[in-house]
Amino acid sequence: MQLFVWLRNLAINASVVAIVVLYSAAVAHAAQPSCGLNSGKRATGTPIPIGSINGVTGPDDFSSSAKAADAYFKCVNDNGGINGRPVNYIMADDQWRPDVASQVATKLVKDDHVVAMIGSNSIIECRANAGLYDRENVLVIDIGVAHECFTSRNIAPVNQGPRLSGVGMLRFAADSLGVKKEACIAWNIPGAMDWLCNGFAAWGKKHGVTVQNVIVDPGSSDYTSALLQAAGGAPDAMLVAFTKGAIIQSLAAAEDQDMGKTYKFISLASGYVVGLPKAIGTYWNNRFWTQLEFTPLDGTGPDNQNWIAMMDKYGSPNDPRDTFSQGGYLAAKMATEAMLKLDPAKIDRASVTEALRGIKNVRTDMLCGPWYFGNGTRHNANHTGMIAVAHEGNWKPEGGCIEVDDPELEDILAAEKSSVN
Amino acid sequence: MILPFVAAGIGLGAVYAMSGVGLVVLYRSSGTLNFAFGALGAVAAYCTWSLLRADVPPVLAWAAGIAVATALSFGYGGVVAPRLAARDRVVRAVGTLGFALFILGCIGLIWGETIPRRLTLPTDHLFVAMFSVRVTYTRLAALGVAVAMVGMIALLLNATRVGLSMRALANDRQISSLIGIRVIRVDSMAWLISGVFAGVAGLLLADMVTLNATFLTFLVIPAIAAAIFGRLQSLTGTAVGGFAAGVLESALTSVPTISSYRSGAPFVLALIFITLVAGRRSMAVYE
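Heads up: the protein sequence lines correspond to chains A and B, in order. Position one of the first sequence corresponds to residue 1 (our numbering), numbered consecutively onward. Position one of the second sequence corresponds to residue 422 (our numbering), numbered consecutively onward.
Rather than coming from a laboratory, the hints here were simulated on the basis of the structure. Heads up, some of the hints might be wrong.
[To be verified] Some chain A residues well away from chain B (every beta-carbon gap over 12 Å; in silico):
no., residue
1, S39
2, A201
3, A202
4, K244
5, S250
6, T300
7, P302
8, D322
9, S325
10, S351
11, R357
12, P370
13, K396
14, K417
[What the hints assert, rightly or not] To be clear about the criterion: a stretch of chain B counts as covered by chain A if any three or more of its residues have a C-beta under 8 Å from a C-beta of chain A, and this derived list gives those stretches:
no., segment
15, 504 to 511
16, 537 to 543
17, 688 to 695
[Said to hold, decoys possible] Sample of chain A residues at the chain B side, in silico, Cβ under 7 Å:
no., residue
18, D61
19, N88
20, D217
21, S221
22, T224
23, S225
24, G245
25, M259
26, A279
27, N286
28, P320
29, I359
Virtual Cβ for every residue (Gly too), placed ideally from N, Cα, C.
The shape of chain A in the complex, shown without the other chains (with noise of 0.2 Å):
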């Protein structure tokens, strides 16, 4: 009997340490990033030069995107890198300034012969180094900010931009929530009013939807006058078209007047962080709506699940999970696996060059449509995206994914017509 006893207690408790063994192996196996080779071997080769120029110092912290690369780099540097060659990623900061834009950017592409730009994210960087690229055959695969980023042969987006954004944000404040007259504000900077507010109005005019300017500097200290400027044309809702900060700095003035309970109030994909609906308080809940150009940032895709585990392991704990930060690992994972393709030996500029511009239908849980860089004079192929709204201190997704039908898409829509045609 004793003997049974001792069995029975014996199989429970290999049973339980069983369990526990498997359990925990397939946790710490959920939590291991996949990248490159996924060798598990530290590339030791020649170092390839990847450059990456963002507005760190400056009225916001646009590093996000340039993390989540380098986080990514590094886990394919543990991986066995490029076909045995690691990534030297040299991250740099604009500071917001056209001119240590363009020197930095000099200095990645002349001095230390960067082979790709990927994962830059930055309000300047575009106008400033468009041309640069473009004459030193370098191609950029970045978060697009500025219109320059959106018109140039040699940098592809993986983002939307903030134009699609907000004509995508408009869409659905026109379609789901009643919104007939818009109020758009915007920074005093360049591409802020004659390419943003003016192209929701150009979609506006369309769909019926008036679409009215206010303007706010920058450095101003002072939003309770623009929203009561916006105000004063009676819109349904408002639109911060600003960065994280501002928002938060907008959304705090409006709840002082009490605003939210008379307006709508929408952003750009800039506004979603997290941790953003949390530090704007439950005053906003179901009161302020953000679009998404990539999947929720909880999303349960085996990509974003992806970029979660590999922040977590190759990442900073302070890192921002943001869009942002999706935008920067998906950037890196494209770059990689168009490099994985060319021989380890022949790897520069001219071939890198020629691998990004062959990167065509990638698919991914993280966008709700194939990506691809391709011979266009621009590119946007980015175009479909989602929409948020700040619920409980986080993120509830509305909807599904809503196609935006900018007019000024219609030369890329032609050009994807064509080539499956």
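Position chain B relative to chain A; hints supplied.
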């Protein structure tokens, strides 16, 4: 309709008045323009934010934030400022600018600007309605703090022995030491007081403007315009000038042709002031 913008300008006026007074307050008591006022305030705000996030009771968190700003200011006043004491006022002012950039770098290193942050105060939910605009108690408190800073410093300088020593020190450090004033001790006290003001102002500014170290540090730029109204010396003039500049800037929102450029209003106003008024008097900034 200009009146709602005037009411909204009370908040902005409070921001400029408080920043301007913060810039000048040390000048009156020690002869040094303190460009680190905003950065010290930012430290207070960031420390408070971290403590509130760790569920520390608000009163303790505010006090701790102010204490950190005060300690840093006192430390600079005791360690660095005496070594610059013999240099002229411009060098001393530039020294505080270096201190501001050092603090800014430290904040970036410790907190960064990547996580969304907001500092709120209980006074945000209380307000006075004025021309259909809510003026929160926080904004009124900021105005009150600016006025209190002016009043307390005036009282300290004019009605106490220490204040007399401070005035002497601000006027001429060498003669002050020759007549027996304990220069380092009085100077340190001035830095201590400035640190307390910076901490309090920092919490209010982070709430009213934004919890962003760069933004708070460089609030000294419009503060310079406010300080010019007080000819870098008069606290009352600075507070009134800063408040007027804020109200004007906000009111200009109602003028569509210049609305986009309204943030230049304090500087244009200061320029006009220098040209028309101060130009006829001796500017206190010259030694």
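Hint by hint, work out which the structure violates, then give me just those numbers in ascending order.
Going through the list in order, the structure violates hints 4, 5, 8, 9, 15, 17, 19, 25, 27 and 29 and respects the others.
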